[in-house]
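Assemble the complex: chain A is given as a structure, and chain B must be docked to it using the hints.
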Amino acid sequence: MIAALRDVGVDYPRGPALGPFSLAVGEGEIVALVGPSGCGKSTAMRLLAGLEAPTRGQVVRAPGRGETAVVFQAPTLAPWLTARANAALPLELAGTSRAEAARRADLALARVGLAGTEGARPAQLSGGMAMRVSLARALTTEPKLLLLDEPFAALDEITRRALADDVLRLWADTRPAIVFVTHNVEEAVYMASRVVVMTRGPGRTAGEVAVDGPLPRPPGFRTTEGFRACVETVSQALAQGMSQGLAA
Amino acid sequence: MRRLANWAAPLALIVLLLGGWEFACRVLGVPEYFLPGPRAIGLALAADWSSLLVSAWNTLAMALIALAVASVLGQATALVVALSPILERAVRPLAVVLQVTPVVAIAPLVLIWAGLDHPGRAIVALAAVVAFFPIFSGAVTGLKAADPDLERLFDLYGATRVQRLLRLRLPSAVPFLLEGHKVAAGLAVIGAVVAEFVAGSGGAQGLAWRILEAGNRLQTAKMFAALVVLGVMGAVLHALLEAAERTGLRWWRGR
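Those sequence lines, one after another, are chains A and B.
Mapping of the first sequence onto my numbering: residues 1 to 248, in sequence order.
Mapping of the second sequence onto my numbering: residues 1 to 255, in sequence order.
Isolated chain B (complex conformation):
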């Protein structure tokens, strides 16, 4: 009964809000180009279903490639940095600058470098920049998060640097790496969408491009349809990553 209520409560709220929205649009006579009702959005969604899915896949693919790139670069940098405190001091400020600079601001530059014919490359690069920091930061923290008494034990038995890294620091970092990747995946999607907006051309037909295109034509219902797909995609991705993190932790902890 309680489970049912837990499931029903958010659904009921959504239905209530959508109903109120539809009702208000009709009663107030809001023009469809300004704010379409849920019914119009649903129709647009049904009409454009397949092309929206293709666009969603385009965006998702960009984000996933970017995540892979950021994962390799972030962990490699963290590994190098973990071996030397001086290097960490050198790299930290740069990594922070990279993180706090809005991706929108560097997007035009990256577009020029990638070449106007290859907006896909620019989008991957920009999403990777956004996804880099949580992975790097998590890895650096994780590599230093080993139990100090276990570190002492490794001292006691005269472990080499490589043994310490492979048998203590890396395994200790696993929960931090899982968390870092979870956050980074969400950011990679945001980064990809923002980069698509800046790229703005038809060369990379992701969800952002759908929103831009529909906006230019004042097809507001289509804009909402693309937004709905984007939101659902984000929610599904988040749920999958949560599950992946839980599974990973269970494997790591053995319980």
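Extracted from the complex, chain A is given alone in its bound form:
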């Protein structure tokens, strides 16, 4: 087990945002969190990252400093830094020498398919490329826990499918645990070995669906019977979670 939320609840000044909610993430596992807008997915993510403390309940985290990485919905790059400097930032903050950080940043950029754009500024990159730089920045520290907070939400369908396959391919190299937040059911089933469905806010678990099949996904996986069935099950759990939330 690499990180877990145990009966956590989070209250914000505007009201309860999450919980009670429990989630355990095993080593090398890919878990997708699916839920409607405002169900507390991103809050759960911040708890797992250790960026926020829960109002109630307990957060358990195994990774040490620098072993957790987050990719946000937007690329969140520093506009004044080159792609290389952006990717090197986590290492430099941890005290790695400039040259070594740049070398590992270049490697990470090559891994996400951006060799040759090391000197480009974020403003010169397309949305998909900027997201790849963000991914490279998360990978430079070789994290044990990778948190992806709706990372493809702002991208077009072709780009997001390509990136989904790339993330799975990268995962296969070092096998970090991944928690992937999305409100896209098909994306959740495609990316994860386990899909956790949340109710509308304050989010609780509405259901959990295991996805069979190899990771990374083979070509044509989206058309298989198993994939369609899983998507159907998750969609039903999501619909149920919506009405449960309404009743509560």
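Calculated from the structure, these hints are not laboratory results.
Take the hints with a grain of salt, since some may be wrong.
[Stated by the list, open to error] Derived DEER-like restraints, expressed as beta-carbon distance ranges: (1) B:D147 / A:T174: 25 to 35 Å; (2) B:L83 / A:Q124: 32 to 42 Å; (3) A:T55 / B:L83: 40 to 50 Å; (4) A:P16 / B:R92: 33 to 43 Å; (5) A:T224 / B:V162: 46 to 56 Å; (6) A:L107 / B:V162: 23 to 33 Å; (7) B:L83 / A:A115: 36 to 46 Å; (8) B:L94 / A:G113: 45 to 55 Å; (9) B:L83 / A:G113: 35 to 45 Å; (10) B:Q163 / A:M1: 30 to 40 Å.
From a predicted model like this one, the values you see are computed outputs, not experimental measurements.
A virtual CB, placed ideally from N, CA and C, is assigned to each residue, including glycine.
Same frame as chain A, now just chain B:
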């Protein structure tokens, strides 16, 4: 063709207005001490050309020194304030009072403190007071304007306060600093001119002093000539600063 029209339109309007002015002055027989026509002003400008330029440089130099002083003080104060929210609460009201107090009202005091023999110092100090606020305010806003997700990233990787300041807050503040300096430079010129008016003596011979001197002698055309130089200087300074801001932003954003 369109570009040409864009350039020609304001010029045509200026020519039209000046023509109307000259025509009206002649037809109505307005005395020159009351309102000189553009021709008389042009002649005064041509006659006093070199001394007006010297005066303009005096005023500009005062304003630029004041801008440098305000830049150092404003950014230093903002940096200190950015490190502590309590300090910001303490400093804010004082900075606002400094900003809303008209410079004319504090000028006599500053003149006394600077010593009547050193009106230059008083003028720099007063222009610096006026230029301080936009720089300070821009810097404080800019230092807090970092992307909240980038802030979270710095939390995640356990960045120190110094790392956060140097690698996130200061670079994020650059566009705000550029804007602050642009506004402050314009205000510094205004501050310098107002302070010169209050100082009023021959110790600091800037453009305001030219206007006062010509006014005292009822040489109205000379007053206008000094005003024209002041206006042109302001416009050129503004254009330069706009260009500097654009260049700075392009460098910051990489595009």
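Violated hints, by number in ascending order, as checked against the structure = Hint 3 alone not satisfied by this model.
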